[in-house]
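**Q** Chain residues, written in single-letter form:
2 protein chains.
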Amino acid sequence: MTTTISPLAPKVYADLPHIAGVRLATAAAGIKYRNRTDVMVMVFDRPASVAGVFTTSKCPSAPVEFCRQNLSHGTARILVVNSGNANAFTGKKGREATRLTASAAIDAVGCAETDVYLASTGVIGEPLDATKFAGVLGDMAERANADGWLEAAKAIMTTDTYPKVATRTAELGGVLVTINGMAKGAGMIAPDMATMLSFIATDANIAPAALQAILSEHVGTTFNVVTVDSDTSTSDTLLAFATGASGGTRIESADDPRLVDFKEAFRQLMADLALQVVRDGEGARKMVEITVEGAETDAAAKRIAFSIANSPLVKTAIAGEDANWGRIVMAVGKAGEQADRDRLAIWFGEVRVAVDGERDPAYSEAAATAVMRQEDIAIRVELGIGEGRATVWTCDLTKEYVAINGDYRS
Amino acid sequence: MTTTISPLAPKVYADLPHIAGVRLATAAAGIKYRNRTDVMVMVFDRPASVAGVFTTSKCPSAPVEFCRQNLSHGTARILVVNSGNANAFTGKKGREATRLTASAAIDAVGCAETDVYLASTGVIGEPLDATKFAGVLGDMAERANADGWLEAAKAIMTTDTYPKVATRTAELGGVLVTINGMAKGAGMIAPDMATMLSFIATDANIAPAALQAILSEHVGTTFNVVTVDSDTSTSDTLLAFATGASGGTRIESADDPRLVDFKEAFRQLMADLALQVVRDGEGARKMVEITVEGAETDAAAKRIAFSIANSPLVKTAIAGEDANWGRIVMAVGKAGEQADRDRLAIWFGEVRVAVDGERDPAYSEAAATAVMRQEDIAIRVELGIGEGRATVWTCDLTKEYVAINGDYRS
Numbered sequence: 246m247t248t249t250i251s252p253l254a255p256k257v258y259a260d261l262p263h264i265a266g267v268r269l270a271t272a273a274a275g276i277k278y279r280n281r282t283d284v285m286v287m288v289f290d291r292p293a294s295v296a297g298v299f300t301t302s303k304c305p306s307a308p309v310e311f312c313r314q315n316l317s318h319g320t321a322r323i324l325v326v327n328s329g330n331a332n333a334f335t336g337k338k339g340r341e342a343t344r345l346t347a348s349a350a351i352d353a354v355g356c357a358e359t360d361v362y363l364a365s366t367g368v369i370g371e372p373l374d375a376t377k378f379a380g381v382l383g384d385m386a387e388r389a390n391a392d393g394w395l396e397a398a399k400a401i402m403t404t405d406t407y408p409k410v411a412t413r414t415a416e417l418g419g420v421l422v423t424i425n426g427m428a429k430g431a432g433m434i435a436p437d438m439a440t441m442l443s444f445i446a447t448d449a450n451i452a453p454a455a456l457q458a459i460l461s462e463h464v465g466t467t468f469n470v471v472t473v474d475s476d477t478s479t480s481d482t483l484l485a486f487a488t489g490a491s492g493g494t495r496i497e498s499a500d501d502p503r504l505v506d507f508k509e510a511f512r513q514l515m516a517d518l519a520l521q522v523v524r525d526g527e528g529a530r531k532m533v534e535i536t537v538e539g540a541e542t543d544a545a546a547k548r549i550a551f552s553i554a555n556s557p558l559v560k561t562a563i564a565g566e567d568a569n570w571g572r573i574v575m576a577v578g579k580a581g582e583q584a585d586r587d588r589l590a591i592w593f594g595e596v597r598v599a600v601d602g603e604r605d606p607a608y609s610e611a612a613a614t615a616v617m618r619q620e621d622i623a624i625r626v627e628l629g630i631g632e633g634r635a636t637v638w639t640c641d642l643t644k645e646y647v648a649i650n651g652d653y654r655s
Numbered sequence: 246m247t248t249t250i251s252p253l254a255p256k257v258y259a260d261l262p263h264i265a266g267v268r269l270a271t272a273a274a275g276i277k278y279r280n281r282t283d284v285m286v287m288v289f290d291r292p293a294s295v296a297g298v299f300t301t302s303k304c305p306s307a308p309v310e311f312c313r314q315n316l317s318h319g320t321a322r323i324l325v326v327n328s329g330n331a332n333a334f335t336g337k338k339g340r341e342a343t344r345l346t347a348s349a350a351i352d353a354v355g356c357a358e359t360d361v362y363l364a365s366t367g368v369i370g371e372p373l374d375a376t377k378f379a380g381v382l383g384d385m386a387e388r389a390n391a392d393g394w395l396e397a398a399k400a401i402m403t404t405d406t407y408p409k410v411a412t413r414t415a416e417l418g419g420v421l422v423t424i425n426g427m428a429k430g431a432g433m434i435a436p437d438m439a440t441m442l443s444f445i446a447t448d449a450n451i452a453p454a455a456l457q458a459i460l461s462e463h464v465g466t467t468f469n470v471v472t473v474d475s476d477t478s479t480s481d482t483l484l485a486f487a488t489g490a491s492g493g494t495r496i497e498s499a500d501d502p503r504l505v506d507f508k509e510a511f512r513q514l515m516a517d518l519a520l521q522v523v524r525d526g527e528g529a530r531k532m533v534e535i536t537v538e539g540a541e542t543d544a545a546a547k548r549i550a551f552s553i554a555n556s557p558l559v560k561t562a563i564a565g566e567d568a569n570w571g572r573i574v575m576a577v578g579k580a581g582e583q584a585d586r587d588r589l590a591i592w593f594g595e596v597r598v599a600v601d602g603e604r605d606p607a608y609s610e611a612a613a614t615a616v617m618r619q620e621d622i623a624i625r626v627e628l629g630i631g632e633g634r635a636t637v638w639t640c641d642l643t644k645e646y647v648a649i650n651g652d653y654r655s
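In the order they appear, the protein sequences are chains A and B.
Numbering-wise (our numbering), the first sequence opens with residue 246 and increments by one.
Numbering-wise (our numbering), the second sequence opens with residue 246 and increments by one.
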């Protein structure tokens, strides 16, 4: 397995400020890895509003089911996340493992079971030995502090080559609030769900229903429009917590006009984290932004964009820095959405390579290839049919992806 | 680009007998390749019944449109196939190229335009210089002979590492008839269409409508259930020709009871060719048969089977000989069809690895790994919900797939 950091990694990691009411700790519980942390806890000193989005998999992990059940209660006191084992497809043993972990978490902070949130990431199908949490959670809750966001992001990594963190501030009802977030994910990344693990916390004073509405609204243009390999995890979990420690009036509705600045900052933070996941796509060397315009509807545009983004032939061409726009045509054609070959136009960056259903008369292989040599590549397809529009993000498909995934488990 | 023959290639190629009424020839017209043949013609001395199935792509190639138009006429005198250029997404120039090629074909055999069939395979988006056909087709039609099926199959190869041919005989109305077929395809292979180029010829005396019904019926369990990379070509074309030279009463309906033996032989030949395409999947080292049982419906079973067959994570695990059945669970979960995690059972070969939603109590890593080391791997999933059933075939995803497709065009 490669241990090289993705060439698309951020040059510097964001320096995350404190979020009043949030404390973090990490530990090495030896779940699978050696010589690294594999447990992270986030402790909320007072019950925080919580919102969540989960995988659409019909075979979700035990922790996903656990969180879904608790979400209706709306408050959280502790989040426990482990890497190395996903506790997915572990049947009755999996449910016992979540119960055991929750029980240790309850003891650690003294809360109700409905205030506990759990997430696990790693290998599927192997029983998770939850007794490993029993010994560490109490100590972790005690030494948890407001620093350590980057360390927390490191503890939840699996095949990630770098920790993913982001921060934003926003004005909310006359108060300056902060939003911090972290994410993990590099493979088994595809849309229509929360697409990996991501945890966001803010000191804003927002009710659970309003927080949920904001999270659900923005997931469609952030985490749900990135894809690494079209594979949907059993464990995808995106949770947001609002401690309310910033003070100010509590916001009850997502439609509250005071939320304008906060919502935009929240969306930007989600997009930032989602793109960091793509930039750490397993084996990735290129980041690709795919925009489809002129489709029958926005939904049709999104399906065509994903057909391009998930095509192995498009992704390998990008890896090979080959301006093979014929494969874009192929992917448009197979999407099943309305398309008129003879109206299609395609751009790589600013270079139009095809127009009116054939190669651009002014096509320059040199110009197209120069775009393909870049690290960030924008592909745009104009269908010329309607007003539908969508943008999705993906990475290239390299030999390293195959190498990483050919022996991940062993 | 690799030039090694797939390790999954047949040990010997079938020896194809003559089909009365069919003559073949190949030529090197220099369309793209050097030092190899790139044009194949199949000449029918008398009008043969013809049937066809084509790509479902919304951006089909010019030859696909040309064949679709002619099909209603029901007879064929000549088939012209070239490799090296797909004449797809070539706009007006593409239609001119098919017209020019058809015109040379008409001159070569003296027939109506509606009796001409064309197929092109290779790079998309580059204008095809059809003047290259003008010089060779007349000579080819003259020297065409009943031998040379293997040579014909070689002339239509692109990234294929071996020619694909198959033959069967059947009893039809008291007469012994022969069916020969060839196929090409190694990448851009996915279901819901004819899935590459394949040409089948028989001396059976069958009307076009009956031949079409047989072809359409069997495509669903043969060519449409194989996938190499989930990518659907713009050029997929499957054509069948029946010369009637065997004599006997002409069969007008596919429901004719005399067809029983013929239909089975025809289906077997189609399956044989379809599996040869998978066995030459770009970079393939393993052939994988995926069976899903106990689904809500057959259609649901097929969608789940394809979700497994097209999952990059499943395919790379197979390449790595890793019995990573957790990824099978993932692929079942993401298919969107009804599944109950806690009833799921999974077999690799004869080894049950998971049952009742968790790892089999008798799970043996050694036994599972022994299956993964084989060249042909059978994966079976039992959902325990209904009676729906489907089998699909695919190959593994190796670094060679990435290498082949990272620089195919350049």
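Bear in mind the hints are in silico, worked out from the structure with no lab data behind them.
Some hints here could point you the wrong way.
Pair ranges (Cβ atoms, derived) [unchecked claim]: (1) A:Glu610 to B:Thr376: 53 to 59 Å; (2) A:Arg313 to B:Ala611: 35 to 41 Å; (3) B:Gln513 to A:Asp543: 30 to 36 Å; (4) B:Glu387 to A:Asp601: 35 to 41 Å; (5) B:Gly581 to A:Arg344: 28 to 34 Å; (6) B:Glu610 to A:Asp352: 34 to 40 Å; (7) A:Glu595 to B:Arg340: 55 to 61 Å; (8) B:Ala611 to A:Glu595: 54 to 60 Å; (9) A:Ala611 to B:Thr376: 25 to 31 Å; (10) B:Ala265 to A:Glu610: 47 to 53 Å; (11) B:Arg530 to A:Asp543: 55 to 61 Å; (12) A:Ile250 to B:Glu610: 54 to 60 Å; (13) B:Arg313 to A:Ile250: 23 to 29 Å.
Listed next, the stretches of chain B that the computed footprint assigns to chain A, with coverage defined by at least 3 CB atoms under 8 Å from CB atoms of chain A [what the hints assert, rightly or not]: (14) 258-266; (15) 415-428.
For every residue, glycine included, the Cβ atom is placed at its ideal position computed from N, Cα and C.
**Q** Please flag the earlier hints that this structure goes against, numbers listed from lowest up.
**A** Structure breaks hints 1, 3, 7, 11, 12, 13, 14, 15.
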